[in-house]
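Q: Okay, here's what each chain looks like letter by letter:
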Amino acid sequence: MFEYAPAPESRDIVDIKPSYGLFINGEWVEPLGEGRDKTVNPASEEVLAEVAVAGEADVDRAVQAARKAFTVWSAMPGSERAKYIFRIARIIQERARELAVLESLDNGKPIRESRDVDLPLVAAHFFYYAGWADKLSYAGFGPSPQPLGVAGQVIPWNFPLLMLAWKVAPALACGNTVVLKPAETTPLTALAFAEICRQADLPPGVVNIVTGAGSTGAAVVAHPDVDKVAFTGSTEVGRLIARSVAGSRKKVTLELGGKAANIVFEDAALDQAVEGIVNGIFFNQGHVCCAGSRLLVQESVAEELLDALKRRLSTLRLGDPLDKNTDIGAINSAAQLAKIRELSDAGEAEGAERWSPACPIPDKGFWFPPTVFTGVAQSHRIAREEIFGPVLSVLTFRTPAEAVEKANNTPYGLSAGVWTEKGSLMLWMASRLRAGVVWSNTFNKFDPTSPFGGYKESGYGREGGRHGLEAYLAV
Amino acid sequence: MSERLAVRKTYKLFIGGAFPRSESGRSYVVNSSKGEFLANASKASRKDAREAVAAARKAFPGWSAATAYNRGQILYRVAEMLEGRRSQFVAELVDADGVGVRKAGELVDAAVDRLVWYAGWSDKIGAIRGSANPVAGPYFNLSSTEPTGVVAVVAPEAGPLLGLVSVIAPVIVTGNTCVVVASERAPLPSITLAEVLATSDLPGGVVNILTGSAAEIAPWLAGHMDVNAIDLTGADAELAVTCEEAAAENLKRVLRPPSAKVDWLADPGTERMTAFLETKTVWHPIGT
Chain A
1 MFEYAPAPES RDIVDIKPSY GLFINGEWVE PLGEGRDKTV NPASEEVLAE VAVAGEADVD
61 RAVQAARKAF TVWSAMPGSE RAKYIFRIAR IIQERARELA VLESLDNGKP IRESRDVDLP
121 LVAAHFFYYA GWADKLSYAG FGPSPQPLGV AGQVIPWNFP LLMLAWKVAP ALACGNTVVL
181 KPAETTPLTA LAFAEICRQA DLPPGVVNIV TGAGSTGAAV VAHPDVDKVA FTGSTEVGRL
241 IARSVAGSRK KVTLELGGKA ANIVFEDAAL DQAVEGIVNG IFFNQGHVCC AGSRLLVQES
301 VAEELLDALK RRLSTLRLGD PLDKNTDIGA INSAAQLAKI RELSDAGEAE GAERWSPACP
361 IPDKGFWFPP TVFTGVAQSH RIAREEIFGP VLSVLTFRTP AEAVEKANNT PYGLSAGVWT
421 EKGSLMLWMA SRLRAGVVWS NTFNKFDPTS PFGGYKESGY GREGGRHGLE AYLAV
Chain B
1 MSERLAVRKT YKLFIGGAFP RSESGRSYVV NSSKGEFLAN ASKASRKDAR EAVAAARKAF
61 PGWSAATAYN RGQILYRVAE MLEGRRSQFV AELVDADGVG VRKAGELVDA AVDRLVWYAG
121 WSDKIGAIRG SANPVAGPYF NLSSTEPTGV VAVVAPEAGP LLGLVSVIAP VIVTGNTCVV
181 VASERAPLPS ITLAEVLATS DLPGGVVNIL TGSAAEIAPW LAGHMDVNAI DLTGADAELA
241 VTCEEAAAEN LKRVLRPPSA KVDWLADPGT ERMTAFLETK TVWHPIGT
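Line order of the protein sequences matches chains A and B. If you're matching positions, the first sequence starts at 1 in UniProt numbering and goes up one per residue. If you're matching positions, the second sequence starts at 1 in UniProt numbering and goes up one per residue.
So here's chain A without its partners, still in its complex pose (with noise of 0.2 Å):
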């Protein structure tokens, strides 16, 4: 591997204030209760701010800000609603810099990301909300498709700012009113997106930020003046929350975990299909819900592709995420390190083998070296649960049919990936594997055009696209 000097981005450009209130009618303001937590960066472990914890009594007042707001904004033109979301648009453009900064602080993945894909998709799934605003009688909803309400919206650790966009974006342009909730180890984005919602003007109440972790989640979804619930994270949690509205009107939409296969048939451009792979479990630490963490080669090829890869893995620089050079950040928490070691300490014991590349891992801070397990069996653990870290799983088939049966044996269906130079092959993967995203020849590809979401326990409704809209309209 080449020796690279430090090229680290300055964190000089980030204001985080010692201590944050909650963002409520366009002010902040401080909990009822007592409660109050740390945020960490996790690549170090040193504290960067104190966080309010939001209870029942604090998430009703957010609640009854935005119904109060949604009066207003939901009677607003539609032209004029989408004003408001390009200024937001643009505000996070100029801002965008600082923003990847507190995002890689907060997170721990690498400014290389935060900077080239999280930001500029936040950029401009608002820019591409706002032009909705007033067009959505051209939807195919009908001619005059009404928003819901209250949007209850509860988002994760592994892309806080970009889940915030996904979320929020789509809610405002349909005339919804918001209440937020971070994930309680990344909520510094979300707090800089209130003081955006400031900057731009937005009316008191329109948006509004509780931070907090499960109980608070759990209080803003519960809440009966919520109308609409929009929640990513993991399945366990989507099944309490698709039980606890039961019987109630709320509208739902869960976007939830996955276990996707990465399929590398032998007449792939082998190379291009490595790159994919990385790209694949690697981004973002493999905390990534579509992540293709169970590899399907073709058996004729296994042994050339997994050489190749483990050479390619060879090159990956873990540490510093705001080196520029950096490729693996910091894992987000001592709690997903944990369940990361305690899952592949199971593949080990269940027999499959482990390999990871030499890797100096810092003294302090969450780490975890890039892992490939091969002898994976299907019944194994590594090829069932979702690990949510950068471990790979590499399976082998014979034949189309026999990788469609593998990939779909899974009670997940987010995303697959298929690489093969032959186009019929291709779209006759692309036609059985039950996902709701199909990458072939590439992986990890987002848009804001582009509707996400998945078949079975990977959850239900699409975020991205005109079919984003229909999880925020009365349809």
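Calculated directly from the structure, the hints in this document are not laboratory data. Any given hint could turn out to be false.
[To be verified] Okay, the calculated beta carbon distance ranges per label pair:
(1) A:S356 x B:K58: 55 to 63 Å
(2) A:G142 x B:Y28: 52 to 60 Å
(3) A:E421 x B:Y69: 28 to 36 Å
(4) B:K58 x A:K364: 53 to 61 Å
(5) B:R4 x A:E405: 40 to 48 Å
(6) A:G375 x B:R26: 50 to 58 Å
(7) A:A5 x B:A127: 51 to 59 Å
(8) A:V29 x B:G120: 55 to 63 Å
[Said to hold, decoys possible] A few chain B positions that, by computed beta-carbon distances, are all more than 10 Å from chain A:
(9) R8
(10) S32
(11) V241
[Stated by the list, open to error] Mimicking PhoX-like on lysine-lysine, the simulated pairs with C-alpha atoms at most 25 Å apart in a straight line are:
(12) A:K422 x A:K445
(13) B:K124 x A:K406
(14) B:K58 x A:K135
Every residue gets a Cβ at the ideal spot worked out from N, C-alpha and C, and that includes glycine.
Start from chain A and add chain B according to the hints.
A: Just chain B now, with coordinates in the frame of chain A:
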């Protein structure tokens, strides 16, 4: 000379294209709206429900892979067969629902027309629900619809023919297969409809019909891990909550009971189809 004694029909279940009795041997009395004995209908058991799900799952790959044109043709064929049995259904509706002959005729006609309407959707729903997405990069990006899988359907208590047809047709026209819990009070038209389905080139297992207690059968289906979605149109409030809770276990798509009384003669819209469709988005690079 004495009047000829009619040969009565035995009403059984409809599973996998066959007409079995309930494996439990149970039956229940079905009376007319005037309280006169009509028949003993099969009272489906949990095992019957499981058999029906297995039949629906088995039928899914073939039915979902059939061309949309073919599915449309078959639904139209169902309409033809129903039309041919018009007088039989009129008589059954008069008995079951207490409606007059003229009204019963209107309801049968509407059921036939409803099938024709949905038949035409088979190769059009994808065009209005799919899209080519203009992503910001050199990629071909296409979203298309696919059926959700095996759908459990709690048919409405009222509307033993038109209501029933109006919940089955939108589920199967897009390629799903289903297990239907028929109207408990008026199940007989559902089994006669099964005879129509069985003679309409519809592959066995695409539609399975269970008669009996909805309160008993629906929760089994709602909790079944090989069922992908549930339509609770015919469930009362209490049953709907029980089923929605059970459905959460494997994240079934749930179509909740309507908040107001449904007018089955009104334009149904596309909601009953789209509730049981998935959107799949395929990406491929563009390059030389």
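Q: All the hints need checking, so say for each whether the structure fits it.
A: Structure-based check of all given hints:
1. Restraint check, A:S356 to B:K58: a C-beta distance of roughly 44 Å breaks the suggested window 55 to 63 Å.
2. Restraint check, A:G142 to B:Y28: a C-beta distance of roughly 43 Å breaks the suggested window 52 to 60 Å.
3. In this structure, A:E421 and B:Y69 meet the distance hint of 28 to 36 Å, their C-beta atoms being roughly 31 Å apart.
4. A hinted range of 53 to 61 Å holds for the C-beta pair B:K58 and A:K364, which are about 56 Å apart.
5. At about 58 Å, the CB distance of B:R4 to A:E405 disagrees with the hint of 40 to 48 Å.
6. Against the hinted window of 50 to 58 Å, the Cβ-Cβ separation of A:G375 and B:R26 comes to about 51 Å, which satisfies the hint.
7. A hinted range of 51 to 59 Å holds for the C-beta pair A:A5 and B:A127, which are about 56 Å apart.
8. Checked against the given bound of 55 to 63 Å, the beta carbons of A:V29 and B:G120, roughly 56 Å apart, stay inside it.
9. At the 10 Å boundary, the C-beta of B:R8 stays outside the reach of chain A, the nearest C-beta of that chain being 42 Å off.
10. No Cβ of chain A approaches the Cβ of B:S32 within 10 Å, the least distance being about 34 Å, so the stated non-interface status holds.
11. Residue placement check: B:V241 does not keep its beta carbon more than 10 Å from all beta carbons of chain A (closest about 4 Å).
12. Between A:K422 and A:K445 the CA atoms are separated by roughly 21 Å; this keeps the pair inside 25 Å, and the hint holds.
13. A hinted pair counts as satisfied when its Cα atoms are at most 25 Å apart, and B:K124 with A:K406 does not qualify at roughly 32 Å.
14. Pair hint B:K58 plus A:K135 does not hold up; C-alpha atoms about 43 Å apart against a cutoff of 25 Å.
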